[in-house]
Structures are given as C-alpha cells and as structure tokens.
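4 protein chains.
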Amino acid sequence: MAFDLSDLRTDLTLEAATIARQGLAGLPGVETQEEERHGIGVYRVRVVDEAGRRATGKAIGRYVTIEAAGLLRPDRALQERVARVLAAELGALLSLAPDAHVLVVGLGNSNATPDALGPRVVDQVLVTRHLRRRTPRDLAGGLRTVSAVAPGVLGQTGIETSDLITGIVRQVRPDAVIAVDALAARGIGRICSSIQLADTGIQPGSGVGSHRAGITKETLGVAQVVAVGIPTVVHAMTIAMDTVDLVAERVGGPLRDLPVEVKRRIVEDVLSPTVGDLMVTPKEIDELIADMARLVAAGINAALHPAVADRPFLL
Amino acid sequence: MAFDLSDLRTDLTLEAATIARQGLAGLPGVETQEEERHGIGVYRVRVVDEAGRRATGKAIGRYVTIEAAGLLRPDRALQERVARVLAAELGALLSLAPDAHVLVVGLGNSNATPDALGPRVVDQVLVTRHLRRRTPRDLAGGLRTVSAVAPGVLGQTGIETSDLITGIVRQVRPDAVIAVDALAARGIGRICSSIQLADTGIQPGSGVGSHRAGITKETLGVAQVVAVGIPTVVHAMTIAMDTVDLVAERVGGPLRDLPVEVKRRIVEDVLSPTVGDLMVTPKEIDELIADMARLVAAGINAALHPAVADRPFLL
Amino acid sequence: MAFDLSDLRTDLTLEAATIARQGLAGLPGVETQEEERHGIGVYRVRVVDEAGRRATGKAIGRYVTIEAAGLLRPDRALQERVARVLAAELGALLSLAPDAHVLVVGLGNSNATPDALGPRVVDQVLVTRHLRRRTPRDLAGGLRTVSAVAPGVLGQTGIETSDLITGIVRQVRPDAVIAVDALAARGIGRICSSIQLADTGIQPGSGVGSHRAGITKETLGVAQVVAVGIPTVVHAMTIAMDTVDLVAERVGGPLRDLPVEVKRRIVEDVLSPTVGDLMVTPKEIDELIADMARLVAAGINAALHPAVADRPFLL
Amino acid sequence: MAFDLSDLRTDLTLEAATIARQGLAGLPGVETQEEERHGIGVYRVRVVDEAGRRATGKAIGRYVTIEAAGLLRPDRALQERVARVLAAELGALLSLAPDAHVLVVGLGNSNATPDALGPRVVDQVLVTRHLRRRTPRDLAGGLRTVSAVAPGVLGQTGIETSDLITGIVRQVRPDAVIAVDALAARGIGRICSSIQLADTGIQPGSGVGSHRAGITKETLGVAQVVAVGIPTVVHAMTIAMDTVDLVAERVGGPLRDLPVEVKRRIVEDVLSPTVGDLMVTPKEIDELIADMARLVAAGINAALHPAVADRPFLL
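Residue numbers (the numbering used here), protein chains in the order written: chain D, 1253 to 1567; chain A, 1253 to 1567; chain C, 1253 to 1567; chain B, 1253 to 1567.
Okay, chain D solo, but in the shape it has when bound (with noise of 0.2 Å):
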C-alpha cells in the first residue's frame, strides 16, 4: 500500500510483539518465537496456514518485531546493535542467491520529516547493479546487485506508489523487493522502539474509503517482498482517543459506558478543524528520522552484502 502521511497507521500486521504476548501462542496455526539478542527483544511469529490467517486476521507469513526502547535516544553503540540484529532477521526473512537482484524501495515523502525514513534509507544503500554490467552476477568482491528507488507519495506525485512500484518492477525484474516505509504508532511509548518485518510485504488498506493495492509478491510478480517499518508518529486522533478511554477508566461510573459515538465526536471536537491530519512526534524528529534511517540502511547493507556484514558497522 502506497503510504502518504494521511496513511500512516499502525500496522497491525507487523506488530508481532504485541501478538506473541497477547498469548496468541497457542492459536491453531500460529507458531511464535521469543528472543533476547544483544539486549534487544526479537519476536518471531508464523502464520503457517488458513487456520492461523483466521485465527488471526493476517496474511499467511513470516512477522518479526524488533524492540529496543532505548532507540528514542541519541545512543550509538544500541543503534549498531540494533542494525546488526535487523540484518541478521532480514537475512533469514530472505532467501537469496549469491546472484540475486533485490531492489530496496524506500516509501513516503522526502520532504516530510516523519515521514521520509524510506527515502533516507534509500540515500544510504549500498547501492551496485549499475556497476556490474560487464562482470558476470555473482558475489565476486562480496557485494550483491542491489538497485534502490524512491517513488514519492500519491500527493507528490499524482499516481499510486504501488503503480510506479510495479511499473519499476516489470522493467528492472528484481528477485526480491525490500519496502522501507514509516508507521504510525499505536501509543506514544511506541514512537522509534521497534522496527517491524514481515515477508507478506505491505497488505492492501482494509478500512473504509481504502482502495489501494498493496505492495506484494502478488501484486508486484515478484517472488519475494519484505517490508520493514519503523513507528515515527501518533496520530493526534490517537492520542485523543487514549484520553478519552483513560478518563472513562479512571473515573468510572456511568462514564465506562460512554458510547463510542460519543467518544468519537469528543474527539473530532477537539481535533476540529483538521481532525485526522494531524501528527505526534518527539520535538528531536529530524534527528530521529536521521537516526533511524542511518540504522536501517546499515542493517540492510549487511543483509545483502556480506563484504560489508564483516566489517564494523561504522554507523
């Protein structure tokens, strides 16, 4: 799905983490796995059949969450960390042969800060196919063909990002599509704490008004498509939302039984005249972005491109 800043929203179906401790362990076809590397959180959850895509409401696939609170932080020696974690499970979501082309896309809009960590990814990939035409396509020099675009968004561009995406896609005839894009968080403490994959690549929007395609194997002919995501906003609805629910707990009383509807126009009350539009961020966002998209890149370096996996990782 072609994201804009209008779209970024939680996307529940990356959010392993929060599937492995709801206890989904134990649904008929879901397998989950937990652990700590490095000091660092990984959840692993498979939606292995139909069985578990009904169990869950997600496509069949592989999901891994990536969680390390401390990355709201300026740390550097976490954020190494972080991106050698990150190319190691990119490296096991993918199955690559020593000749294989994979195009990085990176999503959003590049002159909007939250939501430009794609293509500041992309500025940063290693990038090589244009360099070896001539030498034949194997590993020689420990470098993979890699290729990476940024499309821009829909309001930038006047055609859905997933269009140009395929459009790219049937000319250059990549083995594998990585999709960098930006989410938006479910709560504020998710803000730039976790970096979400998963192979089913970017599922079509569900909810009301949504048309758009996703970003898949399906749609895109390709036989694998990842997507990694990190949380970089709030949508002030949210926020919002939250208030009201906390209120209604804390209070109590008749106030527990609040319909939704009502719930809904105190947020849109509030919100007026530019609800739905508006974004949360840490007042650090441009250094953030910065942050994180130095991270991503490095681990998708070192995923691709075992000459640079041995080196340090010199973020």
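A hint or two may mislead.
A pair holds if it fits inside one copy or across any two, identical chains being indistinguishable in the list.
Once the Cα atoms are required to be at most 20 Å apart in a straight line, the calculated EDC-like pairs of lysine to aspartate or glutamate come out as [claimed, not checked]:
(1) K1469 to E1302
(2) K1469 to D1375
(3) K1469 to E1283
(4) K1515 to D1497
(5) K1469 to D1543
(6) K1469 to D1529
(7) K1515 to E1501
(8) K1515 to E1283
In short, the hints are calculated from the structure, not lab data.
Got chain D; can you put chains A, C and B on it based on the hints?
For chains A, C and B alone, kept in the frame of chain D given last:
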C-alpha cells in the same frame, strides 16, 4: 527568551485578538481597536499604564494580532495580502528614521522544522548593512540599513539566546530589533491562523522552572524591540488536557468536579513516557513553515525598505 | 538519457540560439525564427526533413531557446516574464487535448545541488491526476491531469533513468511527457542564461563510451516528449580547454598549431587527479537552482493548467 | 576574518606541509617536524620568533597539516583514523584546564554547500555548557564545558563575522576558541586532502581590497584561538591560471616570458563575465562536506571531552 522546542508555548502576551474578544476592551488603562483590512482581521490592544498592566497582567505596550484562518491552505493570493497587512502594522509599531539600522533576529532551531520559522525568515530578509559602508546612511535607493542573525537555540549552542543577542547588539548597536519566532498555539485551530506582534519584545518566561531572561528594550539596551510570532505547533499536552475538559463538559455530573490533580495525572499517563516534549503539527508542516517564512520576510522587507514596498511583493 | 552529474554536458541538440546565429538559417530543410518577447530573446529552429537533419546533425523536430542573460541575478520581475514566455513556448510545442494526461519527469540528483533542477521542479509542479479519479477527465476547474516523478540518477538507483521512466510510462500511460534537466554549459557566460526546449525529447548520447538510451517518443512509446533544460554548470575541462585555446589565439605563432593531443594532455594535467568529474559553478548556485526551479515550475504549471495561466504567476 | 564564498582562498598561513617540504626547515627561527601516524602524514611547523616571522612571512605560532589524500573517497575507516589524529593534534595545540570553557565557531555559509563545513561541524559538536550550570565546572562525567555558534557570513547577516564573534565572546567569555572553516585550495589535488590547524587563529587578509579583521587572540581578547580548516574548493581563476602556466611550460620558447599582465587578461576573458566568483568542486561535493563535517566534529569532540575520546569514535 531563548526558545528551543521545549519552550514553544502559548505566548499569551501577544494574543491581542483574544483580549479584544474577551471584552477586555472596557478595562481601565486598556485601549482596543478592531479592523478589517483586505478581508483580514486586525486586532490592536494598547496597555496604556500601570492600571492596564494590573488589569491584563501584561507589560505596558502595543499588541497586534493579524488573523487569517485561510493561511493554513497554500493560497498565495491570501499570503500576499497578509504580508501587506503585516508590513503596514509592523511599520506602525516601529518608528524609524530613514537612516536607522534594524537588526532582524530569527529565533528557533533551523534543524527542527516547526521551530525553524525565525531562521528561515532571516534567510529571506533583504540584508543591506554591509553594502552601504561608504555611502551616507540615508534612504538612497529606498533601502534601509538592515542586518540579520539566526543565533540558534540553547540546545544547539549551549548559550542562552538572550546572551548571544545581547553580545551582538552591544557590538553592532542597531537602532531597533525585530525578533521573529515560532509559537505554540493554545489549540489546533490556531496553528498558522494568525501573526502576532508586540512592541514589548519577548517577555521573560513566568512559568515554573523558567529562569530565562527576556529579549526586550531593557535587556538589550535598544530603543525599540518588536516581536513577530506565528503559532506553528500545539503541545500534545494541550490536546490531551482539552480532551479531558471536553469529556467533563459533555458528560457532566460528577466529572465536572474532577480535581485538577486527577486531570493532570491522566494526561501524563497518556503521554508517558515523554510528557511535555511531544508536538502536534499538521502533516504539511514543512510546506507551511516555508510559506509562513516567505510571508513574514516579505512583510519585514516591505516595512523596512520603501523601495520594496512600492513594488509587487512577489512572495 | 540518464544524466548523473558526470553526464552533464552541453546538449548541442537544444541550442537553437546558436544555430540561428551561425547562419544555419539558410540551410536546406531548416527553418528559423527569431523574436523578442518582453525583452527576452526567443529563437526557434525547425529541422524539417532528412535534408535538415543531415545539414545540422540534429533529429527532425522543433527547438526553442529562450535567452535572458539577467537570469543570473535574483531579479524576480525578470523571472516572472521569462516564466510567461516559457509557458507560451511550451504550450506551442505541446499539442494537448483538454483531457490529456501529462507526466512531468524531473531528471537529475536531488542530493547534488547543480544537478537538482529537475527534482526541485517536480516538487513545485501542480499535480492533479490523483484528484480527478471520479470526475470526468475534462478541463473542469481549468486544471489538466498532471502527474510528476523524479526518478533519481543511475548512481543513486543503480537503474538507468530511461528504464525507470519507461517502466512508469507503461504503467500509467500519459499522453505526453515533459522531461526537465540541468545541462552543462559550453561556457561560463551561458550558465543560467537560457532555457532550452526541444520536442525531440532527450536524444541518446553519441559521445565515446556513452551507451545510454534516450528519452524520446520512440523509447517511451508516448506521442509527445518535450525536453526542458537549463545550463547550470560548466565542466572544469571546458574552462581549461578554453584557456589553452585563448592562449594560442593571443600568443599566436607556433602555438596556433598546437596538436589537439598536446592540448588534451595539458588539460588533464591541470585537472589531475580528478579530470572530468569537476564542475564550475557560481558561488550562489544553491540560490540559483532554487530560482530556476521555481521559474520552470511556474512556466509548466501555466502551460498545462489554463486556470493558473489566467492568474498572476506569483513565482 | 569573515569568509563568504568570495573570500574562500588558499590560506597559506596554514599550509605547514608545504613549508616543511620547501626546505624551510633550515630557516632561522623556524622548527619543523614530520611524522607518520596511522599511515597519515602529520607536518608541524613552529615559527619561533621574529626571525622566523621574517623568514616565512607568517605569524609566530604553531601550524599543523594533517595529510591524507584518500579522504576524497568515502572511506569510513580512513576517516575514523584521521579523526583520531585530528583529536590528538588539536589536543596538543590547545592547553586546557579541566574546567575550561571552549567556544567552537563554525565559519561559512550554511546555504552554500562548499562553504558549509563550519556550520555543519557546529551541528555535530557535543555542546554541554548549558547542562552544567549547577554542577561544579570540573570534568565530572568526562565532559568539558563546550559551546558552539555558526554566525553566518557577511552576505547573510550584513555584519562582519569577526564583529559577531567578538560580541559573543565578550558576553560569554570562553577560555579558548576553535574556529572551523572551509578553505580554497591552491590546486585540484588538494581538495579534501588535508586538515590544517594553526594556533595563530585566522589572520587578517593581506590581499588587495581585503580590509577585514582577523579572528585571533588579539582581536577577540581570548587566551587561545585555534583555526581548523579543510580545502573544499578551487577558484576557477586558479585553474585557468594553472593552465596558462602549464601551456607556457610545455610549449616553452617565447611563451615562457609571457607578461603577467597578458596572462591575467587571458584568464579574465575565459571566466568573463563572472571572474572571481566561480568555484570548482568535485561533483560529489554535498557528500564530501557531510563526511568532512562528521570527521572534524568527531575530532573536536574527542579532543575536548575525555569521555568521548575513550570510546570508539563511531563517526
């Protein structure tokens, strides 16, 4: 006062429109005036004397609010009209000899988009001081002597902004200072909906924990200091608090008597763990700041340079 | 042709002014026209047939050069006049039905200032295609169907720019393409002094080692492809070579017969160790590119959207 | 001295490497030292007394040039090594008490890429002065008291950079100043190939027409002023003049006696109409400046903050 983003707050001092509407017009020592210029509301409040000061809690001086709700939309024709009104009001607040030297100070952090209004205005101010060293300091060519600095915020420099400006002012001795800054709005609807002027400069923060000096005639030792501000963000706390209040108002009953302490705790819990450092902005904030900076710079250029005022603004 | 900065070169194909002046006017199969519009020189050359093609070495088609030496200075009034001329000439080159869909392609590297003209133009093009899905594709509101992409350069993406554009064009099927690019000037005096148009698109490079495809009607399978270029840099090599030639001319004698091979070696030694990758730009290049991008975007917007053309340009 | 891009020039004062090589080592009042650290050349020259001053034409003081030709390539490992050498040399030039306050000044224009080195370094300097108001000014935590400003250039502010810095220094009274600036190289091969240090600060320009004050211990009234510069551009004039000289050398004969006046006219004609304001830069200048700024900031941070020096640099 040195604003970094954590300081962005509703500067009540400047909200002349609110004062005018709240019927403060009848107060002793307070004069108000309301005007419609080119379809744009202009509210002027004068705190005349000590009585007015006590009545309003504001420093003696003149306050102007230019209101134009449509500024949030990318409407160049409206922006041009507002820039002309700004030029006129700014010209009226300042009292400049033809050979006066005006220093424009852009407050805020150029690396944090919603706080970058001041630095971006400075980028577009028509600076002339260095061009007229050898020519007599008159209005030859219709250009006044103008200089401009963007000193950065405390978090960038480690130095109070007021100290940086004081040092510079003592060295270059301008006749007047115009200080431009981004403000925190008291509600969503106020973002980029008004321009606020005050010839009292920027008063020292009076809030708890705020120990910062102001940027005023007194602190700088300059005859005139005019502040120009535009609300660009709302604190997430404001939205959460507004939500609590609206729930109380709509639901009524026992909720109406909810102790402030309980409200505050609810808000803190919603925004945890980053209470106070979260900003709410429209998703088009990058574009909005660019538009507002161009508008304010055009208004300042026309107010200071008669040669510019006579020509089309060409925002 | 995919330009990255190393490809920035004098695109002779587009220099209609030079052709007109060199008295090519009398050649068989070539029609020329010269006009002064608003104090701006407009040179039109038409290569009519195979005879004209042989005589000029250029593809059959129409070429327009808009000359305005003053563009190097930040003169907004002149920029506005040039934008209007550009809109008129672009409108004359294109032949668009009211419901035509035009794709604007910004060539170049957004992260390399002198090469960023194309991407910055795309940032300011009035994109409408996504707004009119459900309304009939007519000229309601005076706005045409416009989309825009900035695909990046080979060094960023690893993919030939012509391949990226071909893939996108096949997917979204525009009726016409406008390709905007920064050019390398053949001399200092030409930087930002003209705008060059051609309805032949961008022809494939013919230089040694250049194996790149063009961006033309034929390669894209689109009925119309118009190129818009502005010279923004000069190769350091050009300046060194010009110097050698001028020394020879001034000093005369044996120097006049200096073998090309010797000249080339001198130039290489001066520019060693980085011959070929050095650009010469005015020191105000950041500002110049911003001005030129705004000008070209204004011209394109007015050429495509009748509703825009009727209003002041408000560059 | 206030540099805007037109001032960027070879600062001979700083080129210790050249002095060392030119056999100035034997001059009276001049001490030289040459070292290889981590495969990087370090040249130190000390102008000891008045005799040395007359012999070299340079102010009494210490000059260090760190040479590393490979810096032009994006080699992170080399950059890290050079940053460590810079930290060591800077530490040796400065003589700081544990509780000393150091002001880092980033000279140059943040809106003109090749001149933006200083401001970009300031963006990455670890600023602490505002954090330690209430703690004793010692080395608790291994962090020194550091502040940083990027005052802008004359063309931006209308104020001499030396005046801005003097005003600020008088207000905040640092114990030492580090002034970082981009320099104009004397030849292509020198761009980003060395880092130049001098504990004489930045001496006033001695060239024709240069009336600007320096940034020195004397002008600022500060005990220590160390300049850090990296050549980032070459004047187009330098390249044209080098070409003329090389033609003369290669062709010989009457050309060898070409009067300087004739040479100068040739160069002016080649660069007409913009002689003097043209810069030559590698096409990757945006990336180069980013790399150099990170390197210099890392060196400064490690030189000033012992806590940083002990950890990996993580450029």
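inquiry  = Please sort K1469 with E1302 into within, between, both or neither, judging by C-alpha distance up to 20 Å.
reply    = Classified as within: same-chain Cα gap 18 Å, cross-chain 48 Å, threshold 20 Å.
K1469 and D1529: within-copy, between-copy, both or neither at 20 Å Cα
Classified as neither: same-chain Cα gap 31 Å, cross-chain 40 Å, threshold 20 Å.
Next item on the list: At 20 Å max between alpha carbons, let me know whether K1515 reaches E1283 within a copy, between copies, both or neither.
Entry: Result: close neither inside a copy nor across copies, 37 Å intra and 42 Å inter.
When no copy is named, should K1469 and D1375 be tagged within, between, both, or neither for a Cα gap of at most 20 Å? Neither: 24 Å inside a chain and 31 Å across chains, both beyond 20 Å.
Cα distance capped at 20 Å. Does K1469 pair with E1283 within a copy, between copies, both, or neither?
Classified as neither: same-chain Cα gap 22 Å, cross-chain 53 Å, threshold 20 Å.
Notebook entry, point to check: Quick one: K1515 to E1501, C-alpha cut-off 20 Å, is that within a copy, between copies, both, or neither?
Noted result: Both. Shortest intra-copy (13 Å) and inter-copy (12 Å) distances satisfy the 20 Å Cα cut-off.
> At most 20 Å between C-alpha atoms: does K1469 with D1543 qualify within a copy, between copies, both, or neither?
Replying inline: Answer is neither; intra-copy 30 Å and inter-copy 38 Å both fail.
When no copy is named, should K1515 and D1497 be tagged within, between, both, or neither for a Cα gap of at most 20 Å? Both ways: K1515 and D1497 sit 8 Å apart in one copy and 13 Å across, limit 20 Å.
Going through the hint list in order, the structure does not satisfy hints 2, 3, 5, 6, 8.
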